[in-house]
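Visitor: Listed below, chain by chain, are the residues.
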Amino acid sequence: MPVVYLIVGLAVGLLVSWVACRHRSSFIPVAGQAPVPVSAPAEVIEQRDVPEVAPLSVVLDALPIGVVYADQNGLVVVRNRMATHAAGARHGDIIVNEALEGLLRTALQGEERRQTLDLFGPPARVLLVHAQPAEAGGAIATISDITERARLDAVRTDFVANISHELKTPVGALSLLAEALADSDDPDVVTRLSGKIVKEAERLTLAIEDLLELSRIELGGDSNRQEVAAVRILEDAADRVRGLAERRHIRLEIQDNGPTLAVVGDRRQLVSAIGNLVDNAVKYSEMDSIVRLGVRLDGDRVTFSVSDSGMGIASQHLDRIFERFYRVDRARSRDTGGVGLGLAIVRHVAANHGGEVKVTSQEGEGSTFMLSIPASPASVAASQADNPILAAG
Amino acid sequence: MTELRKSFHTELAEVHAELMRVGAQVIEAIPRATRILLDMDLEGADYMVQGDDEIDARCIAVEEHCYRILALQAPVASDLRAVITALKMTAELERSGDLTVNICKAARRIYGHEMNPKLRGIIAKMSEQAQQLFANAMEAYDESDPAKAAALDDMDNFLDALQRQFIQVIFESHAAGSIDLQVAVQLGVVARFYERIGDHAVNIGEKVRFLVSGWMPEHVGAVRHRMRQEATPMAGIPIPTQADRNHDS
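Line by line, the protein sequences are chains Y and L. Convert by adding 309 to the 1-based position in the first sequence; the result is the number in my numbering. Position 198 (the second sequence) corresponds to 187 in my numbering; numbering is contiguous.
The set of hints was computed from the structure by calculation and includes no laboratory data. These numbers come from a predicted model, not from an experiment. By construction, the Cβ of each residue, glycine as well, lies at the ideal position given by its N, Cα and C atoms.
Below, a list of computed lysine-lysine pairs in the BS3-like style, where the Cα atoms sit at most 25 Å apart:
#1 Y:Lys592 to L:Lys107
#2 Y:Lys592 to Y:Lys667
#3 L:Lys137 to L:Lys77
#4 L:Lys107 to L:Lys94
#5 Y:Lys667 to L:Lys114
#6 L:Lys107 to Y:Lys667
#7 L:Lys137 to L:Lys114
Pair ranges (Cβ atoms, derived):
#8 L:Asp142 to Y:Arg534: 50 to 60 Å
#9 Y:Glu527 to L:Asp142: 49 to 59 Å
#10 Y:Gly608 to L:Glu207: 48 to 58 Å
#11 L:Leu170 to Y:Arg501: 36 to 46 Å
#12 Y:Ala510 to L:Ala165: 33 to 43 Å
#13 L:Glu161 to Y:Ile472: 35 to 45 Å
#14 Y:Glu410 to L:Arg57: 15 to 25 Å
#15 Y:Asp462 to L:Leu31: 20 to 30 Å
#16 Y:Leu490 to L:Gly40: 45 to 55 Å
#17 Y:Asp462 to L:Glu32: 18 to 28 Å
#18 Y:Gly430 to L:Leu170: 29 to 39 Å
#19 L:Ile73 to Y:Glu410: 22 to 32 Å
#20 Y:Gly608 to L:Met29: 37 to 47 Å
#21 L:Gln154 to Y:Gly430: 21 to 31 Å
Start from the sequences, fold in the hints, and give me the full structure.
Guide: Below you can see the structure in the form of structure tokens.
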């Protein structure tokens, strides 16, 4: 038995010393060469023993675009991870691959070509596939995810269309009404027209006030930070909309759960933001329904929620409703009033307070908007004291 | 393995890959058709109607490829089942593609009429469910996974339930006067289109189970039929069984 131990011990000892020798050889200068300080960064980077193929594929896989290279015979020899999973869905990847093969084939015949794929997914993605002949022979293709760029393009073009709709429509109406008024002698007509002019002027004033409010909040200048009880914000927001809610027979239900939560923020801004959410919930709910307002603590954040069981929002609009002047249904926007700035204001108030606003919705079933901002340090401490496990930690 | 056989398996793989590509087009066409219907996008509808010709052409090409394989290679056992499955799947894919086009055509017929949010919400849900079913069916085919294929039936029940719910909402909306009779009838047909897409996905699942094990859903009925036939070989005149004879004596 001791003999076996001896042999194993010797073998391990030899192995360790051999490994140590190999390691040392790559760092310590060999006699005869110019001495190089061990700590020199240039030496560390220039390690020639490292195999080059493995890191290259690692680098390729880290790229945010897909890269595919096919040799002269049309055989794909390089393909990074993004090129295989660009669409984020199995059937989408099959479609991307088919487009890729077609473009590579034309590129191998010496023609550069690009194709945009608008995939419904889910996830919905816009991909740009581009293939060109490679200088060294063969063809190289790239796949770029331009979903965000396409979205921003849509935002920009819609913004111009929407702002002109919201601001020009009342101005156009005003000038037409004024012309008609100038031509009329009938006192009844004059009364009716002037009433309409007042209404349109009010609408325009409202639009401009909203726009000013938005730009004030965007600048974030005159914000007045103080500790505010969360439930008071909900109550004040509900009070602002109570008149409309009563006219539509909608009950506003405030769920006040447990410990008094507080946030540090600009009270006026927060009430205006939650008020906008409640206002929307009431406007887009059916008569005789309930709108629920709630507040809860999520870790170190306070989440305000406003839920309705109204008409809901179709999924393709969900990530766009927080844009300025965006309208889900432009045809109906005049019935519900407002100019399409409410949710943009909510988003900016959330951002000003280091928070965010989220929405979940199903068309025909209702929506829930959630605004979460950091809780005041006192509320977090109080909630931890309530919870024995956290308090002990 | 001889060179001839190798090329045969390459051909089978080609058929499989082409069916997956056509399947991917159908999966993508389902939400596209739904968006066209909900937005009443007539231009998009025309585009989809033309796009379906491509699916038809590709299905015919796969079908002819299968005939060629059958005629020239005379495959047996699982290879034969693979070709037969592919042949039957072309029909399912082609028909499902047609159904997405039918949804687009419905957009033309109800153009100018508004749908209430409840109707729109259920249409969106039916579309999601039909697409999910179809994607799962194609995955089951890709992986030759009979368990995944068998699970499609349960998913389809949910789609059927959605369809029934949708019909109910159509009745309610019509009664409340928010849609007229013409639109109500068209929407009822649309619900049927989604439900049929789900059925085709279930059929694909059954083809996958046939591919793997040779099982067909019709076997259950066929066994019942055979048992009835054995019990009554001469139609209408029951032959006394052993039990009857014992009773008589």
